[in-house]
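Protein chains: 2
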Amino acid sequence: MATKGSAVPEGVIERLPAYLNCLMDLEEERVATVSSQRMSDLTGINAAEIRRDLVHFGSFGIKGVGYDVKSLAGRIQKILGSDKPHRIALVGAGNLGSAIAKYDGLRKHGFEIAAIFDKDPARIGKRLGATLIHHPKEIDQVIGHHGIYMAIVAVPPDAAQRTVDQLAAAGVKVILNYTSARVTAPDGVQVHNSDPVNELLYTLYYLRSRKQVPEG
Amino acid sequence: MATKGSAVPEGVIERLPAYLNCLMDLEEERVATVSSQRMSDLTGINAAEIRRDLVHFGSFGIKGVGYDVKSLAGRIQKILGSDKPHRIALVGAGNLGSAIAKYDGLRKHGFEIAAIFDKDPARIGKRLGATLIHHPKEIDQVIGHHGIYMAIVAVPPDAAQRTVDQLAAAGVKVILNYTSARVTAPDGVQVHNSDPVNELLYTLYYLRSRKQVPEG
DNA sequence: CTTTGTGAATATTTTCACAGCT
DNA sequence: AGCTGTGAAAATATTCACAAAG
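First to last, the sequence lines map onto chains F and E. Oh and the first sequence: position 88 is 87 in numbering that gives the first Met the number 0, straight run, nothing missing. Oh and the second sequence: position 196 is 195 in numbering that gives the first Met the number 0, straight run, nothing missing.
It is possible that some hints are incorrect.
Copies of the same chain look alike in the list, so a pair counts if it works inside one copy or between any two.
[Said to hold, decoys possible] Below, in silico cross-link-like pairs of lysine-lysine (DSBU-like), each with a Cα-Cα straight-line distance of 35 Å or less: (1) LYS136 <-> LYS107; (2) LYS83 <-> LYS107; (3) LYS172 <-> LYS107; (4) LYS101 <-> LYS62; (5) LYS62 <-> LYS83; (6) LYS172 <-> LYS62; (7) LYS107 <-> LYS125; (8) LYS125 <-> LYS69; (9) LYS83 <-> LYS172; (10) LYS69 <-> LYS136; (11) LYS136 <-> LYS83.
Since the hints were made in silico from the structure, they are not lab data. Given the structure is predicted, the values throughout are model-derived calculations rather than measurements.
Given the sequences, and given the hints that come with them, work out the whole structure.
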C-alpha cells in the first residue's frame, strides 16, 4: 500500500541510506535474507520503525522470512535514485580534494567525479584518477557540457563563497561544502555543510556528563 | 531554573554547535546582540525552538533586546565543554589526514591535534604542522602519555577496524571514523561515521521528485 | 514457529500565540 | 515599540502488540 499518494516524512528518506549501507554489507557477506530485527541490531534503528519506513514504498518483506537482501537493496536504490550513475564536479584538488576523488564510498553508490577544478597552474591539465583538472573559470562551460547538477567544494575557506556562486550560476542543484566557511546559495540550490567538528563538539557534552573527561 | 536536573533532549545538544557557529560568525562581524528570529534566519531553525532550547540551560536573553552575542557564545561553549582546549589524536597522515590536520575548524573550537600516527616509514619522524608523526605501534604509549580521549581515523578502509581497536584499547572515548569502512567499538566508546555520501544519497530523492527540500 | 505489516498508544518535537519585561 | 520565555496545541516520531501470512 501507500506506494505513492501521501508525502513520505523526511526522516524516512534520511534513514534510507543507512538501510542501504547495511544491506550492501550483508550482500557482500553473501547473506540472502534479513529480518527487520537483524537490521535493527546493525543500524541501531528500532525494528518496527524500519518496517514502517519500508512500507511507505511498498510491501517488500515475506512474513516469517524477512526481506530479500539483494532485492531490497535494489528497491532502495531505485527509491533514492542511486540505481543510475550520477556525475559530480569537484572543486579543489589539494589534499582534501585528492582524498575525496579517491574515496571509494562515492563509487560504491554510483557517483562519478566527472570534472575537477583547481586554480593552481601546476595542477591544471593533469589528472586526478582519470579526471582532468580544469581552471575554475571553465566551471560554467564544463558543467554545462556534462549536465552536472551536484558538486563538492574543497577549496580554501576564503574561496568557498565565490566557488558556490559559480557553481550555482552553472546550474548545480546540490553542493556539499567541505570548507569551514558558511556559505549561502540561491533558492533551489541545496548546500550541505559537512563539518565534522560539530559532531566532535556535541560529543564533548556527553563526555563531560559521564565524567570521562578531566574537569580541567 | 532547570540549569541541570532534568535530562536535556539529545536534539537540543545536537543543535548547540549550530547556534555556536552562528554566534561566532556574528561575533566576527562585530554584532553585539541578536534576536532568536535573526538566528532562525541564519540557521534555518525555528525561532521558538531556539528560545526553548536555550532555556534548558538558563535565561540568557533580555526581553525586548535579544541575546548578547559574545556572552551567549561563551555560555554555549561552557555547556558543550569547548571553552577548554581538547587534544585529539589523528591516525593516518595521507591526503585526508593532512587535510584534517590543516583544517582550521578544529582550532577554532579549541581542538588541538596533539598526536599523529602513520605506518608509512617515509612519514614517521616528520611533522604535519607542528606535530610529530609516530608509528601506530606507539598509539597506546603516546595517547596514554597525553591523556587523549578523542581520535580521528583517516587510514585506508581495511586498516580502520584495527585502528579503532588500538585506539579503544588505549582509552580513547570518542572516535570519528573518516573511512568508508563500518567499524565497531566496545561499550563506552562512541564511534561517529562521517560519511558525506549518505547526505548526497538522500538529496537524490528530492532532486528526482523535483521537490524543494523543506526550507533550511 | 517466525516475521511482516499495522492499528493503537505513547512519547517527543515543533510550532503557535501571547503575557510580561525592557 | 521589540523580544524573550512559556503554557497549550499541533504535528511527528517512535514503540507496542498482535492478527495474518509463510
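Using 35 Å as the alpha-carbon threshold, which applies to LYS172 and LYS62: within, between, both, or neither? The answer is neither: 41 Å in one copy and 40 Å across copies each exceed 35 Å.
Since the copies are identical, ignore which copy is meant and state whether LYS136 and LYS107 lie within 35 Å (CA to CA) inside a copy, between copies, both or neither. For LYS136 and LYS107, the Cα distance is within 35 Å both inside one copy (30 Å) and across copies (31 Å).
Can you give me the call for LYS83 and LYS107, within, between, both or neither, at a CA distance of at most 35 Å? within (12 Å within a copy, 40 Å between copies)
Within, between, both or neither: how does the pair LYS101, LYS62 come out at a Cα-Cα threshold of 35 Å? Classified as neither: same-chain Cα gap 41 Å, cross-chain 52 Å, threshold 35 Å.
When Cα atoms must be at most 35 Å apart, do LYS62 and LYS83 count as within-copy, between-copy, both, or neither? within (30 Å within a copy, 53 Å between copies)
What label fits LYS172 with LYS107 when the C-alpha limit is 35 Å: within, between, both, or neither? So LYS172 and LYS107 pass the 35 Å test inside a copy (22 Å) and across (30 Å) alike.
Are the CA atoms of LYS107 and LYS125 at most 35 Å apart within a copy, between copies, both, or neither? both (25 Å within a copy, 34 Å between copies)
Can you give me the call for LYS83 and LYS172, within, between, both or neither, at a CA distance of at most 35 Å? The answer is within: 17 Å in one copy meets 35 Å, while 39 Å across copies does not.
Within, between, both or neither, where LYS125 and LYS69 count as close if Cα-Cα is 35 Å or less: Intra 39 Å, inter 46 Å, cutoff 35 Å: neither.
First find the shortest C-alpha distance between LYS69 and LYS136 inside one copy, then the shortest across copies, and answer within, between, both or neither for a cut-off of 35 Å. Neither, since 43 Å and 39 Å both go past 35 Å.
What label fits LYS136 with LYS83 when the C-alpha limit is 35 Å: within, between, both, or neither? within (29 Å within a copy, 43 Å between copies)
In the structure shown, a violation is registered for the earlier hints numbered 4, 6, 8 and 10, in ascending order.
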